[in-house]
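The listed protein sequences derive, respectively, from chains L, R and C.
Quick note on numbering: the first sequence equals residues 1 to 403 in my numbering.
Quick note on numbering: the second sequence equals residues 1001 to 1311 in my numbering.
Quick note on numbering: the third sequence equals residues 2001 to 2236 in my numbering.
Be aware that a few hints might be false.
As the list claims (entries may be wrong) - From chain R, some residues computed to sit far from chain L (all C-beta separations above 12 Å):
| id | residue |
| --- | --- |
| 1 | S1055 |
| 2 | D1070 |
| 3 | A1116 |
| 4 | R1145 |
| 5 | E1208 |
| 6 | I1210 |
| 7 | E1242 |
To be verified - No farther apart than 20 Å at their CA atoms in a straight line, the calculated lysine-lysine pairs in the PhoX-like style are these:
| id | chain 1 | residue 1 | chain 2 | residue 2 |
| --- | --- | --- | --- | --- |
| 8 | L | K95 | R | K1128 |
| 9 | R | K1128 | R | K1198 |
| 10 | C | K2031 | L | K268 |
| 11 | C | K2184 | R | K1290 |
| 12 | C | K2078 | C | K2151 |
| 13 | R | K1128 | L | K98 |
| 14 | L | K95 | R | K1284 |
| 15 | L | K328 | L | K245 |
| 16 | C | K2117 | C | K2230 |
For the record, the hints were derived by calculation from the structure and aren't laboratory data.
What you are looking at is a predicted structure, and each value in this text was computed from that prediction instead of being measured.
Don't be surprised by glycine CBs; every beta carbon is placed ideally from N, CA and C.
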Amino acid sequence: MNEIKEWVAENIFLGLEVKEYLRRLITPFNIVAAGILIIGIPLIIIRYMQGLGAVIHGSNDQPFSLFLGWGLFCGVPLAATGYIMASAVYLFGMKDYKPLLRPAVLTGFVGYFFAVMFLLVDLGRPWRLPYPMVRSFGPASILFLVAWHVALYLTVQFVEFSPAVFEWINTRKLRKWAEGIAVGATIFGVILSTLHQSALGALYLLAPTKLHPLWYSPYLPTYFFISSIYAGLSMIIIESTLIYKFLPSRVDPQNFKVIDRLTLGLGKAASFVMITYFFLKIIGVAHGADWHLLFTRPYGYQFLIEVFGFVLIPCFMYVFGVRTGDVKLIRMAAFASVAGVIMNRLTIAMFALNWELPHREFLAPKEFLVILAIITIEILVYRWVVNRLPVHRAHPKFTHEEE
Amino acid sequence: MNRDRRKFLKLLGFGTVALGMQPGRAFASIDDTKINRPDSYGVLCDVTRCVGCRSCEEACNTVNRLPAPDKPFDDYAVFEEKRRPTSKAFTVVNQYQTSKGTLFRKIQCNHCLEPACATACLVHAYQKMPEGSVIWDEKLCIGCRYCMHACPFYVPAFEYESPVPRIRKCTLCYDRIHIGQLPGCVEACPMEALIFGKRSDLIRIARERIRKGPDKYLDHIYGELEAGGTSWMYLSSVPFHEIGLNTSVGTYPMAEYTRGFLSSVPLVLVIWPALLGSFYAFTKRNSEIKKHNDGARREEVKNSVHTKGVE
Amino acid sequence: MQSLFDLLTYTKGIEYIIAVSFLVVFVWFWKFAKGGEMVTVAVEREERVRVPGVLENLIGGFLLPREYFYHQGHTWVKPVEGDVVAIGLDDFSQKLVGRIEGIKVPSVGTLLKQGEKGLSVIVNSIPVDLLAPVDGEVIAVNPALQETPGKINRDPYGEGWLVRVRAPRFRANRSGLFSGELAKMWLDEVRGRLMTRLSPALGTVALDAGPAVSGIAERVAGEKWNDLVKEFLMVE
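In isolation and in its complexed conformation, chain L is listed as follows (with noise of 0.2 Å):
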């Protein structure tokens, strides 16, 4: 019982005693994110009781809103990290990196859970959320792949980050079991990325009329698999910037010393991704014959910034910080690319699409203190993990027993 305590006492509570934990936690940023909270959560609690209306902004017209467009579309792809630095290390070799791997695991699952949460918040009945996987299954259906995928997935993400876990709760044998089936559950998680990142594109297939021909294209699961490989590279650049610069007393010094040079490694494979990428943007309007959609407002100058603007221009930011290790540019490159992922899911889930309807609107408060709710609760998770677990460290008890 004691050890229990003891373990508690260090683990959870940082070694603080609870009264000075509590108090400890009363800063700027968690006052900023309570305020975010009292308003977001209530929100969430109208929509269960009164429908989804009574928050969400979709439409008969338009079902998907802000708030799926922002959860499902933009919040996979950026989840991206884990299977890209798992594949690095252990498919690749690129033993360098590990520092690097188990943040991107946790950002991959932490992501994908979240993922999964607003979707619990978007769905019509979240209660039969598992009926595609137990009750009834439309396998003609390719959100039923992206249903199951998601699932295996985030189950795999677990399997990957479970070392970390164990070691936190001192178990060595399960440690050991976990990191035995590594390479195998890494395997796995490319194929279920490659398939599901893809599956999220191939939805908007069988809406020819509906999406904006500049971005309907039987390319679309190819697009959106290759820009989750360098959207994953991005976040991976800027959640290690941003830990190392607010939370460095959980980073292995180590780490530090070789960072700026992970970080160089990570935006040169980005921007080649990001030059492939361009030109299969480029291939698709010649595979529509959509040249002279280029120049209609305002869809065509809109594609022409996303692909311009935040494709081919971070991606030469990423080429010259690599050529003259200029780090900051490369981790400024990361935002840019970041947002253009971003902009690229919103406009195919939003903008694009019914585009030829009348009246649409976009603006909805409500379900933007409902995303910013959700979005501050996965900040808040995160944080509590890599201020507890060996992520960005290793945990004192273990060594390192492979290499």
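Could you slot chains R and C onto chain L? The hints should help.
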């Protein structure tokens, strides 16, 4: 250059529609469908006969026990805006100003032969019945609204105002036609603008009308081939887009657009493990060789650094 | 264009052209991303050397020509003819110390002993000691270095040679030197050790890839550069 380009683009646009209107293309999926359901029922809506009395709307409301509407069925001010089916109204009639004057068209679920909604539903909550109706099962729906996204005609409506929401749409009065009755709207129409019957018969009737009235009707049955063919078909005196029907829907069933992607899924499931496993094996082998060599070399270097050097 | 055939001919044609241009662009992109070569500014007028960013060097590597022998104090030996060898400073140390302003070498006839101090270069007006890589007698000093000591930075393995030495025991000395693959491994290790000195703020430091004058040591350790140099050149 500009003129040619414009011409080309126009041709491209019309070409797409023209392509769509060619009958009998050799795509196995479409032909099989039409062959498989020769006896399913449908409705032929003759737009030239509709006078906008909204009796069909009223009948639908009664038959399906829908709540009373905000504006009564004899209020024709509703025609001032374009309406669509909602969770409380499975069918609506809209008024259109066309090249041949004021026309009315009834909107409802078209009960496609290969419904996009059914394809899209991840819990198989939709079924295309042999009679022709596409119906939705409340016991399975999880409220994801993907069917609404998939429907090219913007038909399914969702009860956003309910904590236990349903999808609502026309069922071609399945309960009635199942026992040999007519759908409510068909029975109620005073102008006999709606005819219920076997789809194959309806097509013949429609063709006959077109043949007999070449000035009256456009030579096209909307729904014969659109979206892979629908049970509800339209005859019109003006081009269909003038009465609000989407003419760029094409003749593929919407499901056809996702076939390519779905076919590649098993390929990825099989090829990826082999491919990625090979990468892993390859890099493992390489790193083991390197380790072995490094180990030997490292020893050498360490020795020379420490022993040779400053005497 | 009335048919699917015409449409496909047009679109597919353009797509193939784009795909092929991508291949070309990709090759260029790859080269571009690999980074700048170290360009040495032609030096008739100025003694300035372009020293690439620290990170660039650490990633790009230091020159290590094959036919040379290297001492762990970062001096090299190259047989000239008979038992005469040339001695110089390697690329790593040249970059480490930065702009060399002059040299202090022993006069002709002085005896050098492998592993002991014997030569020095002048950086920031301070003499930096080097360890002699072989035993032998100095028979010549590079005359060009009196006028243009910058040659050591620009061409450390060629025109920047320091002294020529008659080394009758070169065969024996060889066992204390690195060459070939071993030299590469040794330099890798050295590079690694230098990397651990880098601080997170290096991002901005690496930015100045312009005509900088200071060496890696100064940019990494600031005022304590001489200590860092002594450590890596194995002096004391």
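Hint check results:
no., hint, verdict
1, S1055, "24 Å, holds"
2, D1070, "16 Å, holds"
3, A1116, "6 Å, violated"
4, R1145, "4 Å, violated"
5, E1208, "31 Å, holds"
6, I1210, "26 Å, holds"
7, E1242, "16 Å, holds"
8, L:K95 x R:K1128, "54 Å, violated"
9, R:K1128 x R:K1198, "15 Å, holds"
10, C:K2031 x L:K268, "12 Å, holds"
11, C:K2184 x R:K1290, "14 Å, holds"
12, C:K2078 x C:K2151, "17 Å, holds"
13, R:K1128 x L:K98, "53 Å, violated"
14, L:K95 x R:K1284, "11 Å, holds"
15, L:K328 x L:K245, "13 Å, holds"
16, C:K2117 x C:K2230, "12 Å, holds"
Hint compliance for this structure: hints 3, 4, 8 and 13 are broken, all remaining hints hold.
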